[in-house]
Every structure is written in C-alpha cells, then in structure tokens.
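Participant: The chain contents come next:
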Amino acid sequence: MTQSTLVVNGLDVVVIGHGMVGHKFLECVLADVAQSAPDGLDVRVTVLCEEPRPAYDRVHLSEFFAGKSAGELSLVSEGFFARDDIRERVRLVLNAQAVSIDRAARTVSVSNGETLAYDKLVIATGSSPFVPSIAGNDRTDCFVYRTIEDLEAMRLRGASAKSGVVVGGGLLGLECAKALRDLGLDTHVVEFAPRLMAVQVDEDGGRMLRGKIESLGVTVHTHKNTTAIVDGESAANRMVFADGTHLEVDMIVFSAGIRPRDELARACGLEVGARGGIVIDDACRTSDPDIYAIGECALWQGQIFGLVAPGYDMARIVAKTIAGATSAEAASFEGADMSTKLKLMGVDVASIGDAHGKTPGSRSYRFADERREVYKKIVVSGCGKHLLGAVMVGDAAEYGTLLQMVLNRIELPEAPEFLILPQADGKAKPALGVEALPEGAQICSCNNVSKAQICAAVRDGATSLGAMKAATCAGASCGGCVPLVTQIMKSEMQRQGMAVNNHLCEHFPYSRQALYHLVRVENIKTFGDLLAKHGRGLGCDVCKPAVGGILASCWNEFVLKKEHASLQDSNDYYLANIQRDGTYSVVPRMPGGEVTPEGLIAVGMVAKKYGLYTKITGGQRVDLFGARVEQLPFIWEELIDAGFESGHAYGKAVRTVKSCVGSTWCRYGVGDSVGLAIDVENRYKGLRAPHKIKFGVSGCTRECAEAQGKDIGIIATERGWNLYVCGNGGMKPRHAELLAADLDRATLIRYIDRFLMFYVRTADRLQRTSVWRDNLEGGLDYLIDVVVHDKLGLATELEAEMQLVVDTYECEWQKAVTDPQTRRRFRHFVNSDEGDQHVAFVEERGQIRPATPEERQQIPVRAQHETLAEIPVVVEAV
Amino acid sequence: MSYVASNAIAQDTWVPVCKLDDIVPNTGVCALVKGEQIAVFHIDDGDARVFAIGNYDPNSQAAVLSRGLVGSLGERIVVASPIYKHHFDLSTGECLEDPVRSVNAFAARVENGQVWVSA
Chain A
7 MTQSTLVVNG
17 LDVVVIGHGM
27 VGHKFLECVL
37 ADVAQSAPDG
47 LDVRVTVLCE
57 EPRPAYDRVH
67 LSEFFAGKSA
77 GELSLVSEGF
87 FARDDIRERV
97 RLVLNAQAVS
107 IDRAARTVSV
117 SNGETLAYDK
127 LVIATGSSPF
137 VPSIAGNDRT
147 DCFVYRTIED
157 LEAMRLRGAS
167 AKSGVVVGGG
177 LLGLECAKAL
187 RDLGLDTHVV
197 EFAPRLMAVQ
207 VDEDGGRMLR
217 GKIESLGVTV
227 HTHKNTTAIV
237 DGESAANRMV
247 FADGTHLEVD
257 MIVFSAGIRP
267 RDELARACGL
277 EVGARGGIVI
287 DDACRTSDPD
297 IYAIGECALW
307 QGQIFGLVAP
317 GYDMARIVAK
327 TIAGATSAEA
337 ASFEGADMST
347 KLKLMGVDVA
357 SIGDAHGKTP
367 GSRSYRFADE
377 RREVYKKIVV
387 SGCGKHLLGA
397 VMVGDAAEYG
407 TLLQMVLNRI
417 ELPEAPEFLI
427 LPQADGKAKP
437 ALGVEALPEG
447 AQICSCNNVS
457 KAQICAAVRD
467 GATSLGAMKA
477 ATCAGASCGG
487 CVPLVTQIMK
497 SEMQRQGMAV
507 NNHLCEHFPY
517 SRQALYHLVR
527 VENIKTFGDL
537 LAKHGRGLGC
547 DVCKPAVGGI
557 LASCWNEFVL
567 KKEHASLQDS
577 NDYYLANIQR
587 DGTYSVVPRM
597 PGGEVTPEGL
607 IAVGMVAKKY
617 GLYTKITGGQ
627 RVDLFGARVE
637 QLPFIWEELI
647 DAGFESGHAY
657 GKAVRTVKSC
667 VGSTWCRYGV
677 GDSVGLAIDV
687 ENRYKGLRAP
697 HKIKFGVSGC
707 TRECAEAQGK
717 DIGIIATERG
727 WNLYVCGNGG
737 MKPRHAELLA
747 ADLDRATLIR
757 YIDRFLMFYV
767 RTADRLQRTS
777 VWRDNLEGGL
787 DYLIDVVVHD
797 KLGLATELEA
807 EMQLVVDTYE
817 CEWQKAVTDP
827 QTRRRFRHFV
837 NSDEGDQHVA
847 FVEERGQIRP
857 ATPEERQQIP
867 VRAQHETLAE
877 IPVVVEAV
Chain B
6 MSYVASNAIA
16 QDTWVPVCKL
26 DDIVPNTGVC
36 ALVKGEQIAV
46 FHIDDGDARV
56 FAIGNYDPNS
66 QAAVLSRGLV
76 GSLGERIVVA
86 SPIYKHHFDL
96 STGECLEDPV
106 RSVNAFAARV
116 ENGQVWVSA
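Chains A and B supply the protein sequences, listed in that same order.
The opening residue of the first sequence carries number 7 in the working numbering; numbering runs sequentially from there.
The opening residue of the second sequence carries number 6 in the working numbering; numbering runs sequentially from there.
Derived by calculation from the structure, the hints in this document are not laboratory data.
Honestly, I wouldn't trust all of these hints.
[Said to hold, decoys possible] Taking beta-carbon pairs under 8 angstroms as the criterion, some of the chain B residues facing chain A (in silico):
hint	residue
1	Asn31
2	Ser65
3	Ala68
4	Arg72
5	Lys90
6	Cys100
Please read all numbers here as calculations on a predicted model, not as lab measurements.
All residues carry an ideal CB built from backbone N, CA and C; glycine is no exception.
Chain A extracted, bound-state conformation (with noise of 0.2 angstroms):
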C-alpha cells in the first residue's frame, strides 16, 4: 500500500463540471488532502466550468423568483477560490466546456483550447432537462429550468407574460410552477400522466395535492399529450393536446424530467447505460479505472440518482478514494433511499420508500382530512412488523419519525395507524424512540451526519441545537431532520446526566420564555411579584434585567419607575452607556439616520460644551463619550430642546434603523429606504427585546444598507419591499433570511409586528435573532408559517400587543428629566456635589480619551481635570 502512494505522488485531477456534485467532491479531496498532510499527497485539481459563475445551489433554484441572487445562492464561499492554501492546489476555469477525452493520452481537450492531462478523471456533468419531441418545442416563448441563465431569461420574458405553462408535472415541474406564479403569471401545468408527482404520490395523495396546488392558483391539466405549439389567438402560444383540447399561454417552460449528460462518455468509448448514464460500479468507477463518474450523469446498477444527497456520497467516496489511497477505509456506494420530503408552494409533499405499496403481501394505512387537507398513508410489510414506505401530503411532520424506521427495519407499534393519525384524547403518539436507533442511522442525509457523531458532539459540549448544528452540521442544510436532531441530543444529555435545564437562574426554575408567558397570562406587573409568586431569594444580575425586559416588553411601563429601577443594570439605569472609566456615552436618536444641519450643529454645542468625544456610530448616529452621572439630565434636556430623544443605545432593546439614501436622490433606487426608515424606526423604538435588535432598509439591491446584516433588513424591489429577517454582524456574521418578498408598506409592518413579538415571546435571554432563528426547530418554514401563514393562530394577537408598545412609547429622557424622584438619583455621591476624582481625561487628536490608571497616578487628584485636558468640564448644580 504505502509504495503506491508514492507512484501517485504530485496526482493531477481534473473535474469536468462545477454543479453541486462537482463542488462537493473539490470540497471533500482538499479537506482529506489537508487531512493526510503534511506526508499526503500533492493533490491540483482543475475544475472545469461551462457556466459563467462557480457552483450555485441548484436545490433552492426557484428562490431566484422569490427575491434570492445569484450571489446568495452560491454554494462557493465568498473568496474562497483566491484563498492561499486552495490557489496553489485549485484551479477553477469558468466559462470552459470540456470539448473531448482522450484516455490513450489522458488528456481532456477544453472548448477554451487548452489541453489539460490528468492522472485521474472525474466527470460530473449532471444532466439536461429533457425537451419532449412536439413540433414547436423551439419557440422563442418555450423554455427549460436548469441554470441561473434559464431563469435569467425566463425572467426577462416573464416582465411581459401574462401566462406561462409548465409542461410535467413533477417535483422539478412543480418548483418551476412556483417560478411562474412568482413572476406574477396565471400559472398552468399540464400532466401527461393522471395525476401529479407521479413517482412520488399515489392517487388519493395525488387528489389532495392537486386540490392543494389549484387553491394556490394554480391550474392542474393532467391527462394531456401535447402534440404541437402554434401560434395562439388570445396569447402568444397554443398548446394543442391529442385529446383535441387546447390551452394558449405566453410562455412555456419543459420540466419534463432530466437525461444525463453522458455525450463525453460515449464518445470517448466509455461505457454507458441503454437509456443514458455513464455506468459506474460502487467505487464510482466508470469503465476506465482512471475515470470516475458521480452525480445526475452516473448509473449505477441500472439507476439514475436525480437527488443531490446520493450525488454528495458519490463525491466524497471518489474523494476518498484518490486523496486518500493509503487509507484502510474502503468506500463504496450502496445506491440510496430516494425518500424526499419538500415543500412545494407551501405545501409539505413525503414520500418514503415504497410509497405505492408494490411489495407483495403489503398492506397500507390511510388516513385523510378533506377539510384540513391532509393525507397520509404508511406501507406495512405482509407480516406486520415493518414500515416498508409512506406517502403525506398537506403536512409532514412525522416524516423523520417514519423514515428512521424504514431505514433501520424498527419494529412497528401494535397499533401502527397511530404514526399518522391526529392525536386524541389522551392517547399519545407512538414516538420513535431514538434510543432504538442504531448508532450508524444517519440522521442528517444533506450532510452525512450519524447518530454516533451526534452523541459524541453532545459529550464535546454541543448542548443547543445551534452548537450542534456548528460542532456536526446536522440539520444545518435542509433542516428537515432537525426535529430527530434535538430528540438525539436531549436523550443522550440525559444518558451522559447532563442536566437538561434551561432554567433562567437559581432564583427562577423557569426558562425566560417561560416566564414572559407567567407574566403575561397572570397580568404580573412587578418583579417583586413575580419573585413572589414564583421565584426564591432576592434575584440576581441574570433575573432581574431579564424580568425587567420581559415587563417592558409586556406592559411598557417607564423603566425608571420605582418597582422596576432597581431591575435595571447599570446601563438602563442611567439611560446611557457605561464606559471603562465608570463616564457614559449618550446616543441621541436620529431616525433612518437623517438629520438637519441645525440638530447636527445641536449636537455639536453639546458635545463642545460639555467636552464630550464625539464618535460616529455604525448605526448611523453620533455617540458621545465622556459624560459623567451628574451631567447626563443637563446633556439630555439641551439634546430634548434640539428636537432629539433617547437613542436606547443603552437598553436591549430595538437601537437603530441603518437606511441607504434611496429613491429619493440615488439614481439606482427603486424605493424610498430613508422615508420607511424612519417610519419603522419611529414605530419600534424603544421596544424592550431579549437583545439588542438593529434593522437596516435598503433602497435597491446593490444593498448599500447592509440590511441583510440585520436583525431585521428591508430591501425595496421594483414591486414592494422584501423583508429579510434574523441576520447579524458582531462576532459571528449570519445572512439574514428571506421571510417575504414584494410586500406592500402595511404588509410589512404587520409581519414585523408579528415577528418581533414572536422573537420577544420565545427567545431565550440575551439571545439574539440569528441565535434564536438557529435553535428554532422548524427553521425559517416555520418562521414563515407563524409570521406569514398565522399558522399558530397568533397573528392578531401579537400585533395587538406590539401596537400597545407603540402607543405607551415616552421618551426616557424627557421622563427622567421631568421626573424629580428620578432626577435626583443622577449625581456621583449622595452626601456631596463634588464629581468622581477618578474620572480623569487627556487630549488624544484634539478630543479628550479616559486617562489610563498609571497616567492617573502621575497627577494630582484635585487637579486632575484642570492639568490633563484643555476641556471645560461643566457640571451645573442640582
């Protein structure tokens, strides 16, 4: 074993195809190279590329229509291909189309002139949507479903469409209908077989699917041969149907299957399949051991994989297989269960294994709700004891549950209609008891996670779903076996004798969402009451600004108010930002980040008068630095006279709306990012939140807002706005997500009322958007489904609980300014008018910086303020 290594020693790879397969292998051979280093292998690999951009997620394609760019689809992190260890071992070239191989010379000739020699070959060329033969199938209105480019020009001839048609009616077909009903198009699919989804659905499934797409809006034609696309009367296109039957639309769009991409192979002497397919064996080897083949253009024991999870184990075996030739760890591919679950137009589809009951002597389960519309069907083998397959449309929630137990051949329940029948009265569900998985279920198919690694990630620490998902990947793709995930890791918490507590602190057995529910359905008002009713000891540094938050959230009461001050940490306290010296910065608002000379000059007397340093914020304000205690209600009231508020930079709660300048002045805006700004920003201020929330509203894509970078992002499109949620900067930058796209301005505001009071209602203390949206156990549909689809029925009454927010708002300042009881407490010492002798400053580029404790030491105290800075330091007596 180990001479050969050295015969293969500087391996020139070459991978003909950069799609999701492709990028997966590359992904997977630098990390094992990296892993054999430093006596591995020299490994350099050239990608080729047909398409003008590297690899893109092509899974999640039709959210191109729903507001996604190319760019966020990309599976390629950004400068990854330009990073130092991968340049000296990859080249990527784009726009290059592999032309023929020779494998006497072993050599690849590339459409750019190159030729390229290779040691080993790898081709994953994917496939092509197959165009059915129909006379008029080339028409300029006729289209396929395939790359960034086809939705490029489906979108161009979608802006003067009225209506589109999609011919198959399939999964992919199904998609690509969503496309269409995206770009705003009366919507068509015709079916040639009776029903929808075919492969996957049996026929009552199928029913119900298609009641489901058409109340959608979407019109269903199954049965239909189409035989010819003319010239229409009253659109641009007929589409005539061998039943004499015609349907003109626009434009049309063939999603009628896939056929591999094998023409290289075949050309080259390699041997492929009948009906197409490059035929591989299970090491993935074509029939020239120095080529391999994987993906959508492999066979493999007769079969085509159109699923992108059994493409990534064929990647990472060939992966294995050439970087790591001295690893004992033979791999090898044993074809792959093509159970899917998806959602198509918000409707959940599963099918798992022998969804049509073939098996012989197998028996099915039924249940169906027309009302609800939802069915479910399981495949019980003949003798009883094992779940051969399962089908669900309109909801599928125990998929996971189900597909574990086909997998693993887990002996069913006595009763095993209860896996998909509604709960009743006291009879609980069968659950699958995770601890009859065996240790090698994989749990995570996107991401080849086992239950073995999920256990032993927990006993590394990985407690939270978000640590998880971190440590192992597990979920953090489709998120489809997020559900299975938590029950893994909570049962082997419990195993290892973990706690699994999510208490707030030793004086509350109660989690924080657990508590804001206490308090809002016992209309608990105070802390004390609550300690009272619920908690124990005197609360602590944890509980109380928690609780202080959670009645803020509730009732909006001034924090300052005597029950609730002593809740307050220190920043709240003083409403301003304690510095390292023990002095405060002071943040006036300015709504979107506008403001007048007059308030700027404003600020500045302000800042000059009280020799405050003066720092722009990256939320588009000015923080001022270098206030002590007893001056903060005199630099507030001269602030309060100049029009401005409380900035809440202090508080957990919503800080700044960050807009770009918008349509009103740039030339590239399509939408008014300043005016919404300050709309939004004037709406939520203020609002108390388990943490700090920003938002940033853009007026176009190019996004200069960074709006995506936000807890909440707005983007105006040439429709509406979409509204993007859940994002972050600081120390661990997180995208945020699409949530909706094209909506109106009171579209907007009632989902973000919903969202924010959801965020507020459920998340765990000091846990910001993106943490909270990554421990969520249904991820972003769920998110969707609560905030979009109402689907907990919560709509209403989270926006009446954020309109009570808004109408109690008060400025704090103006309230502790006003207020005497409040007023009195801003001084240094209770006994004396003198000011902190430890706050001392020096002169740093013209403006004054807290003197370090050695300077400090070097000056008198008593004329410290006098010798260290040339700055009035003005405290006005009481």
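Put chain B on the given structure of chain A with help from the hints.
Facilitator: Quick look at chain B alone, frame taken from chain A:
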C-alpha cells in the same frame, strides 16, 4: 449582620450619609465619607437593611460598585459590578470570582430613617 454589633465601634467613627429614602430599595448610592468613596446599599426583602463596601472596583479600576445590580447568590447578598460583572459580598467585600481583588466592607445602620456608615 455585623453592623448590628455597632455598639462595639467607637461612637465618633459613625457618619450620617443620607436618608434611607434617598436610596431606591435594592439599589445603591455612593457616599463621600472622609474623602473615601463608599457604596451604600439598601436591601429590602421585607425589612430594610443597609450595607457598605468600597466603591472602587479593582477589576475595572473605576469607582462604580454603587451602580451595580444587587441580589443573592445562595445565602450571600452581593452586588455585581456594572463593568465586568464581578460579584462582591456586601457583608465582607469579598470578590467571589477573584478574592484577591476584594474590597473593604464597612459597618452601616439605619436609625430613624437616617443611614449611618462607620469608616
């Protein structure tokens, strides 16, 4: 609490600093006593008690302890420094996280609504 045994302390060390009403229950204030900054806390869990420790937080090197949040950890009554959140025992001045960086504790008492500190 130690301040109950205040009779043992010479009378002239006691200094009146403020009215009990000047301290919002379960918060602190800073008093200037003989040139020294002393953080005085008013704990109210049924009956009113006062505590006094040095105001200067050795961890952050800022005079801020009077502005911390007070509470209990187990049986101990503590204040959390507003800068880096170290906890100080109000009875002894001990820093729970780093006892080397503890502060002085002072006797304190309330008499007819007047808060007294012995320093």
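Participant: Each of the hints needs a verdict: does it hold here or not?
Facilitator: Here's how the hints hold up against the structure:
1. Restraint check, B:Asn31 versus chain A: the minimum CB separation of about 4 angstroms is within 8 angstroms; hint holds.
2. This hint holds: B:Ser65 has a C-beta 6 angstroms from the nearest C-beta of chain A, less than the 8 angstroms allowed.
3. The beta carbon of B:Ala68 comes within 5 angstroms of a beta carbon in chain A, closer than 8 angstroms, and the hint placing it at the interface holds.
4. The interface hint given for B:Arg72 is met, as the beta carbon of that residue sits about 5 angstroms from the closest beta carbon of chain A, less than 8 angstroms.
5. Using the Cβ-Cβ criterion of 8 angstroms, the hint placing B:Lys90 at the interface with chain A is satisfied: the shortest such distance is roughly 6 angstroms.
6. A least Cβ separation of about 14 angstroms between B:Cys100 and chain A goes past the 8 angstroms threshold, and the interface hint is therefore violated.
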